[in-house]
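Trainee: Sequence:
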Amino acid sequence: MMKRSNGLLWLFLMMQLPISLAGAKEAAGLWPYVHSDLDDRFYARCIPAGDSGDKGATTIFMVKRTDDERVDAYDWYNRNGVVLGWSPIAGKVAVWRLRQDDSKPDPQRVEFSFYLGGKLLKSYTAQELIDRGSKFQDRLPRLDHAPLDYRVLGCQQVPGTNDYNFSIELRDGTPIHFDILTGEERKK
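Going left to right, the sequence shown walks through residues 1 to 188 as the numbering used here numbers them.
Honestly, the hints are just simulated from the structure, not real lab data.
Hints are not guaranteed to be accurate.
Stated by the list, open to error - Simulated restraints, written as ranges between beta carbons of each label pair: (1) Pro159 with Val34: 29 to 35 Å; (2) Lys122 with Asp149: 32 to 38 Å; (3) Ile130 with Arg70: 36 to 42 Å; (4) Asp51 with Lys122: 26 to 32 Å; (5) Arg65 with Glu185: 37 to 43 Å.
To be verified - Capping the alpha-carbon separation at 25 Å, the derived lysine-lysine pairs in DSS-like fashion look like this: (6) Lys55 with Lys122; (7) Lys55 with Lys135; (8) Lys64 with Lys122.
These numbers were taken from a predicted model, which means no experiment stands behind them.
We put the CB at the ideal spot given by N, CA and C, even for glycine.
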């Protein structure tokens, strides 16, 4: 009987490890990170200015044999990540800044923003995505700043064209596509 209870205790402790690590990561504040998309030819180097907030720098680089080439720079840091896309039409890297602005109440929170060539194209609030069918994630108990329940699909080519979208999928499977050149929702 002792071996079984030790085994159950070990299993319980192992199940808690990811929760503990996630909590430690959260408590540690912000951290620098690198994110790569686009066949690892481009990457974003994201550096916070402090232990909280969105002040910092996000710089987009193209990998070269010797010194990497700086492509774009932004005067913000985003703890929830970025997605990169390439526009062969514009010859520029598009950046999708994911879930930001946690300081505002859920409906007014900027959920994500789109950038191209170092310039902001368009931002969407949580309310604008709720109006399109997104819902808050089911959580018990509900957090003050609960994330919306959608899946990031990334940058996708429009079949048969040189056009690209940043795309999400709602809980019910409905896709929503945003043109990487304008940030506007692309209607079918």
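Trainee: Hint by hint, say whether it matches the structure.
Mentor: Here's how the hints hold up against the structure:
1. Pro159 with Val34: 29 to 35 Å: holds, 31 Å
2. Lys122 with Asp149: 32 to 38 Å: Once the Cβ atoms are compared, 22 Å apart, the range 32 to 38 Å for aspartate 149 and lysine 122 is violated.
3. Ile130 with Arg70: 36 to 42 Å: holds, 37 Å
4. Asp51 with Lys122: 26 to 32 Å: holds, 30 Å
5. Arg65 with Glu185: 37 to 43 Å: About 39 Å separates the Cβ atoms of arginine 65 and glutamate 185, which means 37 to 43 Å holds.
6. Lys55 with Lys122: holds, 19 Å
7. Lys55 with Lys135: violated, 28 Å
8. Lys64 with Lys122: violated, 30 Å
In this structure, the earlier hints numbered 2, 7, 8 are contradicted, and the remaining ones agree with it.
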